Amino acid sequence: MEFDHILIRYGEMFIKGKNRRKFESKLQSNLIKKLKEFPSVRVSKKRERMYVLLNGTDPHPVMKKCQQVFGIHTLSFAIKVNKSEEEIKQAALYAINDAPEARTFKVSSKRADKDFPIGSQDLNHIIGGYVLSNTEGITVDVHNPDVELKVELRNGAAYITAKDYPGAGGLPVGTSGKSLLLLSGGIDSPVAGFLTMKRGVELEAIHFHSPPYTSERAKQKVLDLAGELSKYGTKVKVHIIPFTNIQQKIHREMPEGYSMTIMRRMMMRISEQLADREGILSLNTGESLGQVASQTMESMNTINEVTNLPILRPLAAMDKLEIIEVSRKIGTYNISVLPYEDCCTIFVPKAPKTKPTREKANFYESKVDFSQDIAEAINQSVVVEMDRNQTEKDEFDELL
Amino acid sequence: MIYLDNSATTKPLPEVLESFMKSAESFYANPSSVHQLGSDAERLLTKSRTLVADLMELEASEVLFTSGGTEANNLAIKGIALKHQNRGKHLITTTIEHPSVLEAFHSLESLGFEVTYVNVDEAGHVDPDEIDKAIRKDTILVSVMSVNNEIGTVQPIEEIGRLTNKYPKLFFHVDHVQGLGKVPIHIKDWSIDLVSISGHKIHGLKGTGALFVRKNVSLFPLLHGGRQEQEKRAGTENLPGIVALAKAIRLIKQKEKDHLQELKALQGDLKQQLRQIDGLVINSPENGAPHIVNISLPGFKPEVLIHKLAENEIYISTKSACSSKQSDVSAVLEACKLEAERSTSSLRISLSYQNTKAEIDQFVQALKSAVVHVTHQ
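Residue numbers (UniProt numbering), protein chains in the order written: chain V, 1 to 400; chain Z, 1 to 377.
Since the hints were made in silico from the structure, they are not lab data.
Possibly wrong hints are sitting among the right ones.
Claimed, not checked - As a list, the in silico PhoX-like pairs of lysine-lysine whose alpha-carbon atoms are at most 25 Å apart:
id, chain 1, residue 1, chain 2, residue 2
1, Z, Lys-215, V, Lys-64
2, Z, Lys-89, Z, Lys-133
3, V, Lys-231, Z, Lys-47
4, Z, Lys-47, V, Lys-36
5, Z, Lys-215, V, Lys-65
6, Z, Lys-257, V, Lys-36
7, V, Lys-65, Z, Lys-253
8, Z, Lys-47, V, Lys-65
9, Z, Lys-255, V, Lys-36
10, Z, Lys-47, V, Lys-235
To be verified - To list a few chain Z residues with every Cβ distance to chain V over 10 Å, as calculated:
id, residue
11, Thr-70
12, Leu-82
13, Glu-231
14, Lys-264
As the list claims (entries may be wrong) - One side of the interface only, derived from the structure: several residues of chain V facing chain Z at Cβ under 8 Å:
id, residue
15, Pro-100
16, Ser-215
17, Glu-216
18, Arg-217
19, Gln-220
20, Leu-400
No experiment lies behind these values; they were computed from the predicted model shown.
Each residue gets a CB set at the ideal place from its N, CA and C atoms; glycine is no exception.
So here's chain V without its partners, still in its complex pose:
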């Protein structure tokens, strides 16, 4: 006996009315892409649900991948058997054994076709009794069970499901357009990217690289972060912007107290131009109110002046500890805490202005022309595509 499919229940997509079909198709194609490494797996769409047909593939790794796909509320392994009492018993036992941490359970039977000789109530008793006598340390709890064994009799077969696994929630990536994520190597920006993707947004990323002040490792770290994010959606293109000249010029020519503010404004200008070029309609940052000097109300106001694009700031009102918790959960924390210098940690002014003003920033910037440097930085940017869903072939593969 073995699970032969995974049952997928939608989340918020339910309330999309006439647009639902579009959301469903996107979810289906996202799942198909996600499960590409399992050649015999198929994804089929039926009315209110979706099914992943395993066709002999080991169910658990498939489940893990499905749990990373946005737009899914819950998932369960399921077995299809013949409508015979014996087979249903065996399947129920197999399903409960798959949840070894469960201490309590109940059976809920549903008969869509009423020709099965045993009534639902009786079937619950029979299956429950069989499970009880063939397991150890599990009891029945009809009110609040750890596991609800569902037996559904329909279309000439019986379907048995057990534990509900949580899905990633949100909306299928690709149903809400694209955003350009300002990705540093820190803890916050990947979390911002993740939360934005959860709302169905596809990501591209932009990263400011300042060799030799920042190293290849710092860049690699950002690429790895983008790679982790790609697990939750589609591939993430990272635009690496050479930022050394601009940083040096700011350091040389701008007053120290305003250098950080002006650096951020330069980043915004570059991001906006790049977004324009790529047809992206919004920016996305890991800013969180009050965290550092650049994230005070005054700073954000001054930095925001230079772009007219909407800036998505999913972390604006989150605590650092909440952000860390998410970053651990999505697997970016351990990468983020690697200690390499990035462009925000070099040339740090001793006392950055926490209350800069637009007027002063404009005044200082008017003394020096940066437009040429910005154009150059964009022209010399390099794109790296990160996609952890593809089995990436890299130089180490033959060694391992």
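With chain V fixed as given, assemble chain Z onto it according to the hints.
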């Protein structure tokens, strides 16, 4: 040549050796160096760690590379004991553990720890109830091997994990050196805190191994120095060894998936043929690990038979190589309370996925004639 001493060590696979050589040649930089070469070495290290973690169903941060099984066992046992001694100084293990476990416990006894050595039955099984009985308020560690290295007994690790999981301040360590690639282990699901493995038992290289340390388990390091291995094991990483280990684990897992049934069949066939030899008793339990067959030939000195077989280029061993420099008596068989005749005349045949039916046939023939030869001398 017929090599049937795979529980002592295995022959390194050519693929593993190649990975070792290539990484030693090209990635010799110190992974902790900040320059590009160091960065490349570190990426390879990270990739190896992630691969091992994936294969063991763990997170990368839970994989700690060591110099082998002995170090992994010592680090687990002493590391837990020294770190958590303020919670209690009582430890539990069994009487048939590997010397690297038993001796680690003995050393802790000399530091004032108290150790309960739980007995096993005739087939080497430890009863989880006996462990439960031994647990006290001040117990901080239970250490049980998954597969016994001399007779191949498979211990009820899942049950013990369920049991120890009920005690929040108790850690559970499993010496999985003999089990890797032969019997299943589900570290997370079975609530295991620490697991030791070794490279050279799975066609990798000597001097390589790992300790898997679950999240939130803290250890007192045996080696202090740099910040490598999450500050639990200082020292420049043996990158070529680690790469070789990762590759060996990947390959043995593949073998386990594809060829375990064949190995079981081979062992069944070996046992079948051995049973036909007069006076021979099989000490390994019926449902033991698929690669170990321990036998006794009462009245025969095992060493003599081993030398006789070696004349035909057939290699087996007495008990475990790690204790074979001591007297003939097997401590494991003694702990199983087998009579002296049996525990002093034991031989261990240990298989790998590389052995064939023809080799088994040839070995049994050779053993038969060795017995005849020795009898008539």
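Status of the hints after comparison with the structure:
1. For the given pair, Z/Lys-215 sits about 19 Å from V/Lys-64 by alpha-carbon distance, which is consistent with the 25 Å threshold.
2. Distance restraint check for Z/Lys-89 and Z/Lys-133: the Cα-Cα separation of roughly 17 Å lies within the 25 Å cut-off, and the hinted pair is therefore satisfied.
3. Taking the CA atoms of V/Lys-231 and Z/Lys-47, the gap is near 17 Å; set against the 25 Å cutoff, the hint holds.
4. Among the hinted pairs, Z/Lys-47 with V/Lys-36 is consistent with the structure: their alpha-carbon atoms are about 22 Å apart, no more than 25 Å.
5. With a CA separation close to 22 Å, the supplied pair Z/Lys-215 and V/Lys-65 stays within the 25 Å bound.
6. Among the hinted pairs, Z/Lys-257 with V/Lys-36 is consistent with the structure: their alpha-carbon atoms are about 21 Å apart, no more than 25 Å.
7. Restraint check for V/Lys-65 and Z/Lys-253: the C-alpha separation of about 21 Å stays at or below 25 Å, so the hint holds.
8. The suggested pairing of Z/Lys-47 with V/Lys-65 holds, with an alpha-carbon distance near 20 Å, which does not exceed 25 Å.
9. A threshold of 25 Å between alpha carbons decides the hint, and for Z/Lys-255 with V/Lys-36 the separation of about 24 Å falls inside it, so the pair holds.
10. Taking the CA atoms of Z/Lys-47 and V/Lys-235, the gap is about 20 Å. The hint holds against a cut of 25 Å.
11. Interface exclusion of Z/Thr-70 from chain V stands, the closest Cβ pair being 25 Å apart, more than 10 Å.
12. Non-interface status of Z/Leu-82 relative to chain V is upheld: no Cβ of that chain comes within 10 Å, the nearest being about 26 Å off.
13. No Cβ of chain V comes within 10 Å of the Cβ of Z/Glu-231; the nearest lies about 14 Å off, and the non-interface call holds.
14. Z/Lys-264, annotated as away from the interface, keeps every beta carbon of chain V farther than 10 Å; the closest lies near 20 Å.
15. A distance limit of 8 Å between C-beta atoms decides the matter here; for V/Pro-100 the minimum to chain Z is near 6 Å, and the interface restraint holds.
16. At about 7 Å, the closest approach between the beta carbon of V/Ser-215 and any beta carbon in chain Z falls short of 8 Å, and the interface hint on this residue holds.
17. Nearest Cβ of chain Z to the Cβ of V/Glu-216: about 6 Å, under the 8 Å cut. The hint holds.
18. Interface restraint check: V/Arg-217 against chain Z, minimum CB-CB distance 5 Å, threshold 8 Å, status holds.
19. Because the smallest distance between the Cβ of V/Gln-220 and any Cβ of chain Z comes to about 7 Å, under 8 Å, the interface hint for this residue holds.
20. Against a cut-off of 8 Å between C-beta atoms, the interface hint on V/Leu-400 holds, since the closest Cβ of chain Z lies about 5 Å away.
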